[in-house]
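Enquirer: My numbering puts the first residue of the sequence shown at 89, with every later residue one more than the last.
These are calculated hints, taken from the structure and not from any lab test.
Don't take every hint at face value.
Derived BS3-like pairs (lysine-lysine); straight-line CA-CA distance at most 30 Å [said to hold, decoys possible]:
#	residue 1	residue 2
1	192	225
2	226	332
3	225	284
4	279	189
From a predicted model like this one, the values you see are computed outputs, not experimental measurements.
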Amino acid sequence: MISSVRSRENRKHSQVSKSLNFSLPKRASSQIKIHHLPSISNNSTCCSNSSTSSPPQSCSKLEDDCVDISPVSKNTFDDPLNYFNYDDFNTILPITINGVKILKIDWSYFSAPPNNLSRWKAHCFWTVGYTFDINMKKMKKSSNIKYRLVIQSWCCLNNKSWVKNKWDRLLEHETGHYLIGCLCALEFKYKADKFKYTKNYRMECTKLFQDTFQFYLQMERQYDEETNHSQNVSKQKEWNEFIKSELLKY
């Protein structure tokens, strides 16, 4: 006898940042080529950061050199590193991988009014979550029940995101944050599809999601530390290649 129950978890979370020395699972390991490109000093442009929150959302912030209290709709000044090419992700985006839709984001996704009293140049919120169908099948020769979950996971930006300085470099860096969230959604689905569930499937699935989420939060922290929030162009290029290669493993 087979019964199917629809259950929506919507375990939405937000993220932080990661870097290339991060210890990935064996199947997700990859090698990165180092590009010897210049970086700039800590106080010459902006940096990014992200955080988690109980209401399901994540954010990434790009720091201002000084507080700008005037309304901004376009760039207030040129990016000092605007002579580099910042389209590393354009060759693969948009793409759908294992049911997870991955967008090619642009500044139109940062549609909220900028906080002109904030020291940040941009503020990016993303959310990762999942839903599932549960199939329960009673075994013929025993009273045991076999549980199978069909997972749909996702990652998206929400309309709280805003921007002051629409620099290509910052957009590329923020795209990296978003794609780490997409990696979280993909890795969770990969693990959840293989997991052998018991009658405690809801708790097991939640723990699997939380563990995966925490892993990618740490990855995101490393991402910001190593790229110096986009200012270290060499490390940013390394991360771009790493993130792309990880996505395409699924």
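Enquirer: Hints first: check each against the structure and report whether it holds.
Expert: Going through the hints against the structure:
| no. | hint | result |
| --- | --- | --- |
| 1 | 192 x 225 | 40 Å, violated |
| 2 | 226 x 332 | 42 Å, violated |
| 3 | 225 x 284 | 13 Å, holds |
| 4 | 279 x 189 | 18 Å, holds |
The structure is inconsistent with the numbered hints 1 and 2, although it conforms to all the rest.
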